[in-house]
Amino acid sequence: MGRRRRPGAAARHPREGGPGELSLPGQGAAMAGMALRMTQTLAPSPKAVVDIEGLSLTFQTNDGPVYALSNVDLRIAQGDFVSFIGPSGCGKTTLLRVIADLEKATSGKISVNGLSPQEARQKRAYGYVFQAPALYPWRTIERNVTLPLEIMGLPAAERKERARRYLDLVNLSGFERKFPWQLSGGMQQRASIARALCFEPDLLLMDEPFGALDEIVRDHLNEQLLGLWDKTGKTVVFVTHSIPEAVFLSTRIVVMSPRPGRIIDVIESHFPRGRGLDIRETPEFLKIAHRVREGLRAGHAYED
Amino acid sequence: MGRRRRPGAAARHPREGGPGELSLPGQGAAMAGMALRMTQTLAPSPKAVVDIEGLSLTFQTNDGPVYALSNVDLRIAQGDFVSFIGPSGCGKTTLLRVIADLEKATSGKISVNGLSPQEARQKRAYGYVFQAPALYPWRTIERNVTLPLEIMGLPAAERKERARRYLDLVNLSGFERKFPWQLSGGMQQRASIARALCFEPDLLLMDEPFGALDEIVRDHLNEQLLGLWDKTGKTVVFVTHSIPEAVFLSTRIVVMSPRPGRIIDVIESHFPRGRGLDIRETPEFLKIAHRVREGLRAGHAYED
Amino acid sequence: ADKVTLQLKWVTQAQFAGYYVAKDKGLYEAAGLDVTINPGGPDIAPPQIIAGGGADVIIDWMPSALASREKGVPLVNIAQPFKRSGMMLTCRKETGIKTPADFPGKTLGVWFYGNEYPFLSWMAKLGIPTTGGPKGVTVLKQGFNVDPLLQKQADCISTMTYNEYWQIIEAGVKPEELIVFKYEDEGVATLEDGLYVLESKLKDPAFVDTMARFVKASMAGWEWARQHPAEAAKIVLDNDATGAQTEGHQVTMMEEINKLTAGSTGALDPADYERTVKTLLSGGSDPVITKAPKAPGATR
Amino acid sequence: MKTLRAAVAFLLFALAGAIVALFSVHTGPDVWPFSSGLWLSVLVLTVIAWQGLSTLAAFRSRNARHQRLADLAVPAIFGLWLVFLWEVVTVGANVPQVLLPSPGLIVARLFTSADVLLADFRQTFLQAVLAGYALGCLGGFLVAILADRVPFLKRGLLPLGNLASALPIVGVAPIMVMWFGFDWPSKAAVVVIMTFFPMLVNTVAGLAAASVQERELLDTYAASYWQSLVSLRLPAAMPFIFNALKINSTLALIGAIVAEFFGTPIVGMGFRISTEVGRMNLDMVWAEIVLAAVAGSAFYGLVAMAERRLTFWHPSYRQRGV
Amino acid sequence: MAAAITAPGLRGISAGDAVPVAVVSLGLLVLWYAAAVWLNADLQIDAFARQGADWTTGDLIAGTWAQERPLLPAPHQVAAEMWATIVDTAITSKRSLVYHGWVTLSSTLLGFAAGTLLGIVLAVGIVHVRALEKSLLPWIIASQTIPILAIAPMVIVVLGAVGLKGLIPKAVISTYLCFFPVVIGMVKGLRAPDLLQMDLMRTYNASGAQTFFKLRWPTALPFLFASLKVAIAISLVGAIIAELPTGAQAGLGARLLAGSYYGQTIQIWSALITAALLAAALVALMSLIERAVLRAMGGRP
Ligand SMILES: Nc1ncnc2c1ncn2[C@@H]1O[C@H](COP(=O)(O)OP(=O)(O)OP(=O)(O)O)[C@@H](O)[C@H]1O
Ligand SMILES: Nc1ncnc2c1ncn2[C@@H]1O[C@H](COP(=O)(O)OP(=O)(O)OP(=O)(O)O)[C@@H](O)[C@H]1O
Ligand SMILES: Cc1ncc(C[n+]2csc(CCO)c2C)c(N)n1
Ligand SMILES: [Mg+2]
Ligand SMILES: [Mg+2]
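Read top to bottom, the protein sequences are chains W, F, Y, Z and U.
Just so we're aligned: the first sequence equals residues 3 to 306 in the numbering used here.
Just so we're aligned: the second sequence equals residues 3 to 306 in the numbering used here.
Just so we're aligned: the third sequence equals residues 262 to 561 in the numbering used here.
Just so we're aligned: the fourth sequence equals residues 31 to 352 in the numbering used here.
Just so we're aligned: the fifth sequence equals residues 8 to 308 in the numbering used here.
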């Protein structure tokens with residue numbers, strides 16, 4: 003432990019705010035990060051759920067390499083709610099996939115729950131909501147939701163009960179017996195959220211889960227998710243395009259730059275845990291949202 | 003012409019604002035709608051591009067019928083920019099598909115450019131952006147975009163030029179040679195937008211085209227689309243979940259209720275054609291947005 | 262030259278040496294004929310081929326030819342180069358079979374495809390049912406080789422004096438381990454390889470003339486084969502497109518065949534014919550040949 | 031309704047014409063010599079019947095029963111018409127019975143030799159075909175799974191599997207008779223070899239058919255190999271597996287019948303065919319062929335029905351009328 | 008759908024497969040030798056008894072591997088026969104397996120080409136014309152249940168009567184057998200595009216031909232290749248079957264049959280293995296083409 007950080011990332015993106023390394027509440031400074039790292043071995047709380055250092059990823063394609071992630075440093079502590087926000091194609095999905103062991107980094111280090119991503123995946127450490135619903139067309143909605151439970155060997159009665167509970171949570175009661183192609187886009191997306199929630203993982207990786215939903219349902223699900231997070235102490239890593247959503251939900255917002263994806267800002271958001279939707283009108287909320295928007299805009303400027 | 007309207011829809015949704023029939027700028031009242039209909043035969047301007055009366059649609063599924071649309075009345079004039087907004091699963095996509103002749107109504111009347119939807123489709127009256135990108139995996143991005151041009155028989159040079167132009171418009175220059183699975187979700191969606199735009203149809207049917215995009219790109223594309231609409235006098239029918247987006251883009255916002263989809267409010271939005279993004283801070287904008295939100299909320303309340 | 266197509270009953274082997282010799286030695290050519298010889302095979306029913314126009318003249322066994330006549334293919338025998346029958350039933354001695362009376366309860370291999378009539382007539386004559394059981398014989402449709410006997414899947418199999426019998430011997434079985442029943446000795450011999458044409462075509466004198474020359478040349482070929490068995494076998498080998506025949510086997514076959522053709526002028530002996538018909542008629546349920554067709558062709 | 035009435039009118043007219051034509055060919059050349067007159071009218075009738083069929087095929091009913099009935103009627107009428115043409119041509123043009131018997135004779139045989147046909151059917155279909163089909167399909171399937179599970183085998187065994195399964199039946203059949211005896215097991219063995227390869231190829235292709243995202247979902251659950259096989263890869267492979275099952279349902283019958291040419295007890299469809307060809311009883315041969323065709327089609331139909339049941343979700347069954 | 012495009016199907020023998028293939032082959036060889044002992048022992052014991060010779064187990068094993076007409080020839084016997092008839096015999100000789108292989112291959116390829124074409128044409132018809140689907144498909148299926156060996160002679164006779172002899176009748180029988188998998192696979196494949204992809208074409212009011220070439224065809228390709236691999240193997244079987252009633256004059260089928268007449272098991276096996284090698288080579292060739300085509304279509308690695 004106590005590895006030295008590589009200086010590259012910080013030097014290359016001299017933006018306000020911490021250059022990626024997140025470890026303490028407040029502006030994550032490199033030194034503070036190191037301090038925590040060192041204490042962590044002594045007193046392992048708050049536990050690092052995801053720990054990424056100097057991670058890069060390059061895709062080889064038919065016409066040359068695509069640099070998707072470059073030198074990403076990130077630490078997510080237990081109980082964090084971290085949102086990734088950034089321009090389309092900047093590498094948010096890729097980063098989430100690396101954490102989930104669906105993609106291998108080209109270089110750099112990453113651990114999940116102190117293990118390699120692969121080990122963590124094999125321990126079923128997380129639930130993943132894909133950007134597309136990925137429902138199996140030969141299963142009804144209910145049986146799509148119970149799929150992970152079947153795999154994990156839960157008894158049938160329990161599976162049914164959980165499916166009922168989580169389909170209700172996403173407002174899909176009454177659609178248990180339908181097949182995926184009989185549902186609207188948003189309904190399919192909600193079914194896939196229910197599927198990820200129903201086995202109650204400690205770590206949730208969600209890739210634009212609410213993208214296809216209207217504001218009302220979205221608000222509703224935001225509240226549900228926040229309640230769940232609050233009650234269960236889950237760690238959530240969340241990709242979104244909505245600035246208000248990011249600010250409302252997160253304890254930390256990670257702003258990414260266009261390709262090759264780098265972390266250009268990390269913004270803390272300290273609303274009380276039991277916050278309501280009304281906080282979105284407060285000046286503090288608007289201030290944070292503004293800062294996120296500025297970060298995003300800067301990222302875009304960076305590209306052209 | 004001059005058919006009598008059925009009173010049902012209006013009676014059932016006694017909300018402020020016109021009960022569906024859209025014909026005059028301003029609060030569309032039933033009588034005014036009729037008046038226009040009658041004048042239309044005499045002076046056919048503004049031409050009705052889409053004219054829907056008492057339209058219903060029921061899906062037969064393995065466990066009983068799903069009532070997707072019920073008694074919808076709607077008239078879209080040339081040059082209109084109409085947004086559909088409503089809870090997930092309320093029938094927005096279905097309504098758009100009926101207009102595009104991808105779905106047959108169970109009852110009711112509909113005409114597109116004065117023709118049946120089928121005839122209109124056969125005349126290639128519209129461009130359609132699906133809720134999912136639906137790119138062909140065996141074609142590169144460029145060749146996906148030129149697909150409609152190939153079908154319509156444009157020469158190769160022209161096709162290439164158009165692909166270049168519209169891929170640039172959606173910020174995808176440089177990805178011409180990639181295959182769809184090498185693109186991020188938002189990039190795929192943008193490619194599908196370029197594909198719909200590139201053959202320059204007069205009527206654009208767009209199903210949540212910007213759902214998977216970040217705010218900055220979204221704003222950018224909003225402006226591009228508005229510019230295009232302004233310059234070319236296209237008619238646009240647009241499904242969205244974002245209230246600000248609907249208010250910013252549209253001349254009319256159609257708020258729909260949950261299943262069976264009905265029109266519960268139609269809201270006019272008279273910003274000048276050359277509006278900029280900054281109007282989103284104006285009180286009038288906020289007032290309209292508020293009214294849309296109220297409509298949506300009422301729709302949700304209706305359900306439970 | 263007049264074109265003639267001859268359809269053989271079986272694959273190229275010394276059984277048909279006369280025709281190959283006649284062709285190879287230019288006898289047909291000398292007779293003003295251009296003869297094409299089409300080999301047969303397990304799937305080829307010569308009567309069907311001639312009915313379909315695929316041949317002018319075919320080689321067939323008389324029982325099969327007579328049966329075909331009844332099915333509406335009016336075949337006429339124009340020559341009978343084979344005087345004697347080469348059919349036998351060959352059994353392993355160890356099965357305990359000594360006489361036909363020992364057959365019941367045994368398994369016998371039989372060729373079908375129109376070649377089963379003599380066997381069925383024989384069994385009918387012996388009064389042995391062919392439906393299996395302790396009182397009857399179990400009949401197997403035998404393939405094209407002698408494996409069922411070698412591998413003891415059958416107690417007896419059908420063999421020809423000139424072919425399968427020698428295959429058994431070549432496989433290492435000693436003659437004294439075998440017991441053979443010749444159809445001739447059992448009084449159920451039927452006429453084998455004869456030349457047949459369609460009756461309707463004989464109305465054409467030109468065709469009759471062509472056939473007369475063909476038969477004459479063929480018989481000369483057979484004569485030559487009797488004189489030069491080794492060379493005849495060589496000619497057969499040269500004509501075998503599959504390249505599967507072996508010289509030793511063909512020479513043996515040639516010698517055996519010569520015993521069957523010896524004494525034939527090509528003319529059909531009415532007595533032989535009557536015997537065949539009688540045998541077939543005795544076959545109970547089997548092809549009833551009610552009326553003797555006008556048989557010997559006016560070939561000479 | 032209107033289309034239905036038109037179709038029925040066309041078909042009735044064709045039927046009446048067909049009856050007259052049949053009558054005239056059967057009463058012999060004296061009444062209506064098989065002159066160009068007959069052939070011309072048969073041609074015209076065929077055009078009319080086709081018209082009726084096309085109209086009937088376009089028939090759409092909201093009543094599912096009526097629709098099903100119409101869907102069945104089309105191939106049935108089409109087939110009957112072919113039979114009619116066959117009868118008229120064989121009888122009218124005096125085709126020798128040893129080349130092609132007329133349907134009338136064949137049908138008569140079906141009844142007069144029903145007992146023989148039944149015995150043959152039991153021997154060949156109920157024993158050799160069904161046993162061989164089950165073993166061959168199962169074998170191909172299991173080897174595909176095995177190869178999928180053990181990549182070493184996939185690379186080592188599949189090329190050799192290709193080799194073994196591409197063995198031509200004709201050569202294998204005598205060997206199988208040598209090994210498994212004259213009775214049906216040797217035929218079943220041939221069927222096993224014939225059906226093995228299509229199942230292997232299709233299953234291997236099918237197991238690769240699940241999309242990347244669908245697989246990744248199971249990866250996130252750390253699903254075991256067998257779990258992902260059962261819950262994803264096999265369902266996704268179903269359309270391919272059924273492809274093989276369908277192809278095999280016809281191959282199995284051909285294989286068993288061909289194998290019977292190389293030595294059998296004196297019962298079986300292949301035995302009967304080869305024997306009766308030699309005896310010039312072509313009507314019996316065709317009766318067996320008809321039996322084989324009916325049995326094979328019914329077998330295929332069953333498999334296709336199972337496919338529709340089990341892969342209802344595949345886009346090919348969700349086609350909208352385009 | 009995207010994944011179906013990448014379906015690798017069966018691969019040919021590539022360099023990387025050499026080791027596994029060798030290991031598995033070795034295992035099979037051992038099995039084969041053992042089976043030869045087991046199957047041939049009875050005959051060998053008989054033969055010893057006939058000679059009245061004393062024998063040991065070693066003699067028995069050696070004997071079972073050296074019989075002239077074994078029930079199952081040992082691999083080296085087959086290899087020697089193949090070497091003799093493939094390498095040591097001039098290819099113009101009738102005893103050369105290269106010559107017979109070529110005879111069979113030519114009608115296989117002709118039949119396969121015709122069968123593929125016919126299969127595709129029928130599938131296209133079935134997918135596009137409702138009347139054809141309903142009236143034709145059941146009869147195509149029925150046609151495949153007709154035992155080919157029963158009608159092959161009739162086909163040969165009829166074609167012979169119109170003057171077609173030699174290659175073409177054999178190719179016709181190959182065609183008859185191999186078009187079927189192509190039809191079945193292609194009907195499925197041409198209907199495999201998902202609904203959204205079809206809808207897209209509808210919005211362009213694409214003609215049937217355009218939808219076919221731009222959507223249905225690319226989607227059907229994985230199905231087509233799976234079918235073609237089956238079809239080419241079946242086509243070879245068809246050519247061999249067709250060589251029986253053509254008078255069994257030349258070709259691997261004729262060799263097989265001739266071997267079978269005379270109980271020449273070694274000859275049967277060498278013809279059989281040559282045929283199987285030929286089939287495997289053809290299937291491998293299809294796989295190569297498949298891989299090249301799917302790669303050109305942007306198949307995901
Ligand atoms: N093919 C189908 N078969 C059966 N039911 C269907 C089918 N397509 C849509 N539906 C049902 O019709 C209703 C309306 O669906 P639609 O896709 O129009 O919703 P939507 O308003 O577009 O929703 P979203 O915002 O989530 O995309 C839904 O309840 C859905 O379940
Ligand atoms: N399999 C792949 N092969 C090649 N390039 C890829 C692949 N997957 C993603 N990329 C590239 O990597 C970059 C990042 O993609 P990613 O999907 O992570 O973006 P994203 O931030 O999730 O975008 P969006 O918001 O649009 O979903 C993109 O430029 C994309 O083209
Ligand atoms: C399928 C079939 N089986 C057996 C024979 C009988 N046969 C008649 S002549 C002959 C050659 C003898 O060496 C043989 C075996 C046949 N013709 N066809
Ligand atoms: Mg993404
Ligand atoms: Mg929708």
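Each hint should be verified, as a subset may be incorrect.
[As the list claims (entries may be wrong)] The calculated DSBU-like cross-link candidates involving lysine-lysine, where the alpha carbons are at most 30 Å apart (straight line), are: (1) Lys332/Y to Lys464/Y; (2) Lys396/Y to Lys386/Y; (3) Lys111/F to Lys125/F; (4) Lys520/Y to Lys435/Y; (5) Lys162/F to Lys111/F; (6) Lys344/Y to Lys386/Y; (7) Lys286/Y to Lys172/U; (8) Lys464/Y to Lys101/U; (9) Lys233/F to Lys162/F; (10) Lys289/F to Lys289/W; (11) Lys49/F to Lys162/F; (12) Lys462/Y to Lys435/Y; (13) Lys111/F to Lys32/Z; (14) Lys101/U to Lys396/Y; (15) Lys359/Y to Lys443/Y; (16) Lys101/U to Lys495/Y; (17) Lys367/Y to Lys443/Y; (18) Lys462/Y to Lys264/Y; (19) Lys286/Y to Lys443/Y; (20) Lys413/Y to Lys477/Y; (21) Lys106/W to Lys162/W; (22) Lys344/Y to Lys332/Y; (23) Lys520/Y to Lys539/Y; (24) Lys477/Y to Lys172/U; (25) Lys477/Y to Lys344/Y; (26) Lys367/Y to Lys101/U; (27) Lys539/Y to Lys386/Y; (28) Lys101/U to Lys286/Y; (29) Lys32/Z to Lys106/F; (30) Lys101/U to Lys462/Y; (31) Lys162/W to Lys125/W; (32) Lys172/U to Lys264/Y; (33) Lys359/Y to Lys520/Y; (34) Lys354/Y to Lys396/Y; (35) Lys413/Y to Lys264/Y.
No lab work stands behind these hints, which were simulated from the structure alone.
Note that the structure is a prediction, hence the values are computed from the model and not measured.
Going down the list of hints, with the structure as the test:
1. Lys332/Y to Lys464/Y: Given pair Lys332/Y, Lys464/Y holds - Cα atoms ~21 Å apart, limit 30 Å.
2. Lys396/Y to Lys386/Y: holds, 15 Å
3. Lys111/F to Lys125/F: holds, 19 Å
4. Lys520/Y to Lys435/Y: Holds, because 22 Å separates the two Cα atoms, which is no more than 30 Å.
5. Lys162/F to Lys111/F: violated, 40 Å
6. Lys344/Y to Lys386/Y: holds, 23 Å
7. Lys286/Y to Lys172/U: holds, 26 Å
8. Lys464/Y to Lys101/U: violated, 41 Å
9. Lys233/F to Lys162/F: It holds: about 23 Å lies between the C-alpha atoms, which stays within 30 Å.
10. Lys289/F to Lys289/W: holds, 22 Å
11. Lys49/F to Lys162/F: With a Cα-Cα distance of about 34 Å, the restraint between Lys49/F and Lys162/F is violated, given a limit of 30 Å.
12. Lys462/Y to Lys435/Y: Given pair Lys462/Y, Lys435/Y is violated - Cα atoms ~49 Å apart, limit 30 Å.
13. Lys111/F to Lys32/Z: Holds - the C-alpha atoms of Lys32/Z and Lys111/F are around 24 Å apart, at most 30 Å.
14. Lys101/U to Lys396/Y: Distance of about 49 Å is beyond 30 Å: violated.
15. Lys359/Y to Lys443/Y: holds, 13 Å
16. Lys101/U to Lys495/Y: holds, 14 Å
17. Lys367/Y to Lys443/Y: Given pair Lys367/Y, Lys443/Y holds - Cα atoms ~18 Å apart, limit 30 Å.
18. Lys462/Y to Lys264/Y: Holds, at about 14 Å.
19. Lys286/Y to Lys443/Y: This hinted pair is violated, its Cα atoms lying about 34 Å apart.
20. Lys413/Y to Lys477/Y: Roughly 45 Å between the alpha carbons, so the hint for Lys413/Y and Lys477/Y is violated.
21. Lys106/W to Lys162/W: Violated, at about 35 Å.
22. Lys344/Y to Lys332/Y: The hint holds at about 26 Å.
23. Lys520/Y to Lys539/Y: holds, 24 Å
24. Lys477/Y to Lys172/U: holds, 29 Å
25. Lys477/Y to Lys344/Y: holds, 16 Å
26. Lys367/Y to Lys101/U: violated, 41 Å
27. Lys539/Y to Lys386/Y: Roughly 11 Å between the alpha carbons, so the hint for Lys539/Y and Lys386/Y holds.
28. Lys101/U to Lys286/Y: holds, 21 Å
29. Lys32/Z to Lys106/F: holds, 22 Å
30. Lys101/U to Lys462/Y: violated, 37 Å
31. Lys162/W to Lys125/W: Holds, because 23 Å separates the two Cα atoms, which is no more than 30 Å.
32. Lys172/U to Lys264/Y: holds, 17 Å
33. Lys359/Y to Lys520/Y: Distance ~26 Å between Lys359/Y and Lys520/Y Cα, so the pair holds.
34. Lys354/Y to Lys396/Y: Holds. Lys354/Y to Lys396/Y sits at ~20 Å (cutoff 30 Å).
35. Lys413/Y to Lys264/Y: With a Cα-Cα distance of about 47 Å, the restraint between Lys413/Y and Lys264/Y is violated, given a limit of 30 Å.
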